[in-house]
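J.: Please construct the entire structure, taking both the sequences and the accompanying hints into account.
In order, the protein sequence lines correspond to chains F and X.
Counting from 1, one number per residue, gives the positions in the first sequence under UniProt numbering.
Counting from 1, one number per residue, gives the positions in the second sequence under UniProt numbering.
Keep in mind that the hints are not guaranteed to be accurate.
[Stated by the list, open to error] List time: in silico DSS-like cross-link candidates among lysine-lysine, alpha-carbon distance up to 30 Å:
{"no.": "1", "chain 1": "X", "residue 1": "Lys-581", "chain 2": "X", "residue 2": "Lys-494"}
{"no.": "2", "chain 1": "F", "residue 1": "Lys-11", "chain 2": "X", "residue 2": "Lys-195"}
{"no.": "3", "chain 1": "X", "residue 1": "Lys-195", "chain 2": "F", "residue 2": "Lys-281"}
{"no.": "4", "chain 1": "X", "residue 1": "Lys-574", "chain 2": "X", "residue 2": "Lys-558"}
{"no.": "5", "chain 1": "X", "residue 1": "Lys-381", "chain 2": "F", "residue 2": "Lys-269"}
{"no.": "6", "chain 1": "F", "residue 1": "Lys-187", "chain 2": "X", "residue 2": "Lys-240"}
{"no.": "7", "chain 1": "F", "residue 1": "Lys-281", "chain 2": "X", "residue 2": "Lys-240"}
{"no.": "8", "chain 1": "X", "residue 1": "Lys-3", "chain 2": "F", "residue 2": "Lys-287"}
{"no.": "9", "chain 1": "X", "residue 1": "Lys-423", "chain 2": "F", "residue 2": "Lys-269"}
{"no.": "10", "chain 1": "F", "residue 1": "Lys-281", "chain 2": "X", "residue 2": "Lys-236"}
{"no.": "11", "chain 1": "F", "residue 1": "Lys-269", "chain 2": "X", "residue 2": "Lys-388"}
{"no.": "12", "chain 1": "F", "residue 1": "Lys-281", "chain 2": "X", "residue 2": "Lys-159"}
{"no.": "13", "chain 1": "F", "residue 1": "Lys-187", "chain 2": "F", "residue 2": "Lys-233"}
{"no.": "14", "chain 1": "X", "residue 1": "Lys-581", "chain 2": "F", "residue 2": "Lys-187"}
{"no.": "15", "chain 1": "X", "residue 1": "Lys-236", "chain 2": "X", "residue 2": "Lys-46"}
{"no.": "16", "chain 1": "F", "residue 1": "Lys-287", "chain 2": "X", "residue 2": "Lys-581"}
{"no.": "17", "chain 1": "F", "residue 1": "Lys-187", "chain 2": "X", "residue 2": "Lys-423"}
{"no.": "18", "chain 1": "F", "residue 1": "Lys-11", "chain 2": "F", "residue 2": "Lys-182"}
{"no.": "19", "chain 1": "F", "residue 1": "Lys-287", "chain 2": "X", "residue 2": "Lys-195"}
{"no.": "20", "chain 1": "X", "residue 1": "Lys-240", "chain 2": "X", "residue 2": "Lys-388"}
{"no.": "21", "chain 1": "X", "residue 1": "Lys-400", "chain 2": "F", "residue 2": "Lys-29"}
{"no.": "22", "chain 1": "X", "residue 1": "Lys-523", "chain 2": "X", "residue 2": "Lys-574"}
{"no.": "23", "chain 1": "F", "residue 1": "Lys-269", "chain 2": "X", "residue 2": "Lys-404"}
{"no.": "24", "chain 1": "X", "residue 1": "Lys-581", "chain 2": "X", "residue 2": "Lys-3"}
{"no.": "25", "chain 1": "F", "residue 1": "Lys-11", "chain 2": "F", "residue 2": "Lys-174"}
{"no.": "26", "chain 1": "X", "residue 1": "Lys-423", "chain 2": "F", "residue 2": "Lys-281"}
{"no.": "27", "chain 1": "X", "residue 1": "Lys-240", "chain 2": "F", "residue 2": "Lys-269"}
{"no.": "28", "chain 1": "X", "residue 1": "Lys-581", "chain 2": "F", "residue 2": "Lys-11"}
{"no.": "29", "chain 1": "X", "residue 1": "Lys-3", "chain 2": "F", "residue 2": "Lys-269"}
{"no.": "30", "chain 1": "X", "residue 1": "Lys-400", "chain 2": "F", "residue 2": "Lys-287"}
{"no.": "31", "chain 1": "X", "residue 1": "Lys-574", "chain 2": "X", "residue 2": "Lys-526"}
{"no.": "32", "chain 1": "X", "residue 1": "Lys-494", "chain 2": "F", "residue 2": "Lys-29"}
{"no.": "33", "chain 1": "X", "residue 1": "Lys-236", "chain 2": "F", "residue 2": "Lys-287"}
{"no.": "34", "chain 1": "X", "residue 1": "Lys-423", "chain 2": "F", "residue 2": "Lys-182"}
{"no.": "35", "chain 1": "F", "residue 1": "Lys-11", "chain 2": "X", "residue 2": "Lys-582"}
{"no.": "36", "chain 1": "F", "residue 1": "Lys-29", "chain 2": "X", "residue 2": "Lys-3"}
If you're looking for bench data, these hints aren't it; they were derived computationally from the structure.
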Amino acid sequence: MATLVDFRAEKPNWCPGCGDFTVLAALQKAAVNLGLEPENMVTVSGVGCSGKISQYMGGYGFHSLHGRSLPVATAVKTANKDLTVVAAGGDGDGYGIGMGHFLHAVRRNVDITYIVMDNHIYGLTTGQTSPTTDKGMKTKTSPTGATEEPVHPLQMAIMAGAGFVAQGFSGNLKQLTELIEKGMQHKGFSLINVYSPCVTFNKVNTYDFYKEHLVNVDEDASYDRTDRFAAIKKIEETNENLVGVIYENTDRLAFHEAISTFPEVPIAKNDLQISREDWNKVAAQFK
Amino acid sequence: MIKDLGWKVGGAQGEGIDSTGEIIALSLFRLGYYVSTYRHFMSLIKGGHTNYKVRVTSELTNHHGDALHMMFAFDQESINHNFHELVNGSILVYDTAIKNAEAPEKDGVNVCAIPLTDLAKEAGSPIMKNMVSVGVTAAAIGLTPDDFRSVVVDRFGSKGDEIVESNMAAMRKGYDYYNENFNHRLELPDRPEVKEERLFISGNEATSLGALAAGCRLLAQYPITPATEVMYQLIKQFPKMGGAFIQAEDEIAAVMMAIGGNYAGVRTMTATSGPGFSLMMEALGLSGISETPLVIIDVQRAGPSTGLPTKTEQSDVFAILYGSHGEIPRIVLTPRNVEECFYYTMEAFNLAEKYQCPVIVATDLYMGMNKQTVSSIDFDKFSINRGKLISDEELAELEKGAFKRFDVSVEDGISYRSIPGQKNGRFVAMGNESDEVGVEMEEPVLRTLQMDKRARKLANFNDNAGFDYAGAANAELLLVDFGSTGGLQYEVFKALEAEGVSVGHLTISRIAPFPMELAGYLKAAKKILVSELNSTAMLATLLKQQVGEHAKYESCLKYSGDPFLFEEVYAKAKEVADSLKKEVTL
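T.: Shown next, in the form of structure tokens:
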């Protein structure tokens, strides 16, 4: 059995107090709790502070391009369905430059877990407006306050057909670990948006801010997370300041399950050579 | 000059022009002839002029030929558009259903007004005018309707015997009508014997078969003319071969998926055309720095921007050679005919895994979308070689965490690759510059070592020659080309050689790494004529950059969207050859 040590790699060099430390710790714990072996896990990240997580997480990693973690993760899982594949990045990476891939990954429902470390700001480029920056917040690129409507990732994922949508908070490692575990166990695409404060460049969406505002739906026995409209309503009512499993639907088949002709054996383990007999059949179409 | 018979049918798109052309071409192929075809079409589904040309020869050609001996016009535009191509002794057939049809007067063109639509109606349906045309063709070239029967059965057999028979009846109507009313006959070239190994196939189909034979089992692609057809054979065959297809949301996703698939150990590719290739450039750099194998097929079309989506060009050269910021090793293959589309795609997968870098196979619309006889495609000619993949046993012998994926000390620059799932093989594929395990770093010495390591990989590349040469060793006039222009220029070369011109033909199949061994031919020649389908002489520019000999170049360029005609290149080559003769006289 693998232990936490097996899922540790390079020592993180995020700013002290960065929310991403908790995300990494939760991911490592979740992997151990699920009994995964590091060689069977792949973490694919985009670019940004959060994108460095693939170097810090044990197991295989792919630190890809800005906004492009999802297509890579999609192909890795499709190539070898035996692997556990996590895509990770920030709000700029996933909801700005990578927004197109996000919605299509939800639609495609590949069996991967997507963790977005959402700090409402561009950190690595030192403090510009991000797609989730609150309206009115002043940043280096919006000195008079942000004017654009923020992206609403939870609602978008639900409306696009996601089967598992959760939100966590870096101030609650225990719950975040559980959310990631559940997301990884979900058969299909799972989104875990994490409020992961940037202690250096965002003085509004701080740990204290979230501690004060967040509503935990996991503690609400009356909350029906299988009801799509109830989920949207709850998100709107709380002004997106909620944590827990917000929506869950286990009816949809994952990409590799939904395609009736998808190979039984993981593609990566296939014999590449085709037989003379098969070749003759292929060639016969052109005679 | 090669003895040939040129046949064409023209009409509005959606009128069954392609299927008529294909019935003729495939039937003649089955009779043993070599056929080359060219589809002229536009970027719309219905309406607009389209035509399908078939060139019949008794030897292999890779060009659809200039001469037109028989033309079928289903509308007036087809007459207007194609009449000038008709040669002495040719036949123009037009449908009497065309209102106020007008054919220009030209000596030697036999104009036959035939009620194609009415005869089709008599046989059961006006849409069978194409089968009536096939019957007329059979009569004019000395064949019988039965010679076309096997193709009709293949096409319509699934719809029942009745449909097959009514199509045959329509064909016989045309056959009888021509025999009863016209005497003019065309001569087919000598009939070669039927050879089993020949295929009638397009470059795109050959490309997908090459991928299949090479063990490509994952395809990620976004539809784009003229690369769309590359998908179909793979989608069809994958379920039997244990592969899968992902229709990507755009070309950026497609190429990133191709990289992801290769990283996970599956031979994965994507295919596109210029607009999609432009979107893939950032990812090319990622493949290069992360040392992840990648195969991209670029079926070039006329640019820039959306350009001419249904027309051909060879103008992606610099984008392919230099596209993406920073410096990476890359391999660019330029197959020169349909057969090479197969072999070069196969080879691309071996090269991508051997050198752990992007390999681009640059074909084009002209050979991609047009079918022709190919003399032999044999997947046994090639063996799969996956390059430096570290084994589970080798990893087990290493200390925990000691595997260096990006080991800079390797002499050939190629370090061992592990695949996710392998114990003790952990590494991080990196878009950032990284250390030997895959941790980002900006340390100047190691950065320089990593750059040098990657550059070393292709320093002594000798996996293929990269060019072919035909002609005398010290030919005065050197014809140079790459890609699909090779087939046509070979015919020009043969024609000039037969006239006693001191001529050589250098045809290039790899432009990166540049095959320096060809320099001797450029240096020995007095004049170098480079024929290419672009406006800025990209290949000539590359040759000047790599080899020099600046004063010797002449260019034959075309960027109208249409492929070269024989006459265009021949006339230019003749002009240059004549200028050389004059120099001697002076």
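J.: Please go over all the hints and tell whether each is borne out by the structure.
T.: Hint by hint, here is what the structure shows:
Restraint check for Lys-581/X and Lys-494/X: satisfied, since their Cα atoms lie roughly 19 Å apart, inside the 30 Å limit. Between Lys-11/F and Lys-195/X, the direct Cα distance comes to roughly 66 Å. Violation of the 30 Å bound is thereby established for this hinted pair. Taking the CA atoms of Lys-195/X and Lys-281/F, the gap is near 17 Å; set against the 30 Å cutoff, the hint holds. This hinted pair checks out: Lys-574/X and Lys-558/X have alpha carbons roughly 17 Å apart, not beyond 30 Å.
For a cut-off of 30 Å, the pair hint linking Lys-381/X to Lys-269/F stands: about 24 Å separates their Cα positions. For the hint linking Lys-187/F to Lys-240/X, the alpha-carbon distance of about 25 Å falls within 30 Å, and the restraint holds. Taking the CA atoms of Lys-281/F and Lys-240/X, the gap is about 11 Å. The hint holds against a cut of 30 Å. At most 30 Å may separate the alpha-carbon atoms for a hinted pair to count; Lys-3/X and Lys-287/F meet this at roughly 24 Å.
For the suggested pair Lys-423/X and Lys-269/F, the alpha carbons sit about 15 Å apart, so the restraint of at most 30 Å is met. Using a Cα cut-off of 30 Å, the hinted pair Lys-281/F and Lys-236/X holds, with the two alpha carbons roughly 12 Å apart. Proposed proximity of Lys-269/F and Lys-388/X is supported: the alpha carbons are some 17 Å apart, at most 30 Å. Simply put, Lys-281/F and Lys-159/X have alpha-carbon atoms about 23 Å apart, close enough for the 30 Å limit, and the pair holds.
With a C-alpha separation of about 25 Å, the suggested pair Lys-187/F and Lys-233/F falls inside the 30 Å cut-off, and the hint holds. For the suggested pair Lys-581/X and Lys-187/F, the alpha carbons sit about 76 Å apart, so the restraint of at most 30 Å is broken. Taking the CA atoms of Lys-236/X and Lys-46/X, the gap is about 27 Å. The hint holds against a cut of 30 Å. Taking the CA atoms of Lys-287/F and Lys-581/X, the gap is about 47 Å. The hint is violated against a cut of 30 Å.
A C-alpha spacing of about 25 Å is found between Lys-187/F and Lys-423/X, which places the hinted pair at or below 30 Å, so the restraint holds. Between the alpha carbons of Lys-11/F and Lys-182/F the distance comes to roughly 26 Å, so the proposed pair stays at or under 30 Å and holds. Restraint check for Lys-287/F and Lys-195/X: satisfied, since their Cα atoms lie roughly 10 Å apart, inside the 30 Å limit. Of the supplied pair hints, the one linking Lys-240/X and Lys-388/X holds, its CA atoms being roughly 28 Å apart against a limit of 30 Å.
Distance check on the hinted pair: Lys-400/X and Lys-29/F sit about 21 Å apart at the alpha-carbon level, within 30 Å; holds. Between the alpha carbons of Lys-523/X and Lys-574/X the distance comes to roughly 21 Å, so the proposed pair stays at or under 30 Å and holds. A threshold of 30 Å between alpha carbons decides the hint, and for Lys-269/F with Lys-404/X the separation of about 23 Å falls inside it, so the pair holds. Taken as a hint, the Lys-581/X and Lys-3/X pair is honoured in the structure, with Cα atoms around 29 Å apart against an allowance of 30 Å.
About 21 Å separates the Cα atoms of Lys-11/F and Lys-174/F, which keeps this hinted pair within 30 Å; it holds. Note on Lys-423/X and Lys-281/F: the hinted pairing is violated, with a Cα-Cα distance of about 39 Å set against a maximum of 30 Å. Under the criterion of a C-alpha separation no larger than 30 Å, the hint pairing Lys-240/X with Lys-269/F is consistent with the structure, at around 15 Å. Taking the CA atoms of Lys-581/X and Lys-11/F, the gap is near 74 Å; set against the 30 Å cutoff, the hint is violated.
Taking the CA atoms of Lys-3/X and Lys-269/F, the gap is about 51 Å. The hint is violated against a cut of 30 Å. Restraint check for Lys-400/X and Lys-287/F: the C-alpha separation of about 55 Å exceeds 30 Å, so the hint is violated. Proximity of Lys-574/X to Lys-526/X is assessed by CA-CA distance (about 14 Å); at most 30 Å being required, the pair is judged to hold. With a C-alpha separation of about 72 Å, the suggested pairing of Lys-494/X with Lys-29/F is violated against the 30 Å cut-off.
At roughly 17 Å between alpha-carbon atoms, Lys-236/X and Lys-287/F fall within 30 Å of each other, so this suggested pair holds. Restraint check for Lys-423/X and Lys-182/F: satisfied, since their Cα atoms lie roughly 25 Å apart, inside the 30 Å limit. Between Lys-11/F and Lys-582/X, the direct Cα distance comes to roughly 76 Å. Violation of the 30 Å bound is thereby established for this hinted pair. Of the supplied pair hints, the one linking Lys-29/F and Lys-3/X is violated, its CA atoms being roughly 76 Å apart against a limit of 30 Å.
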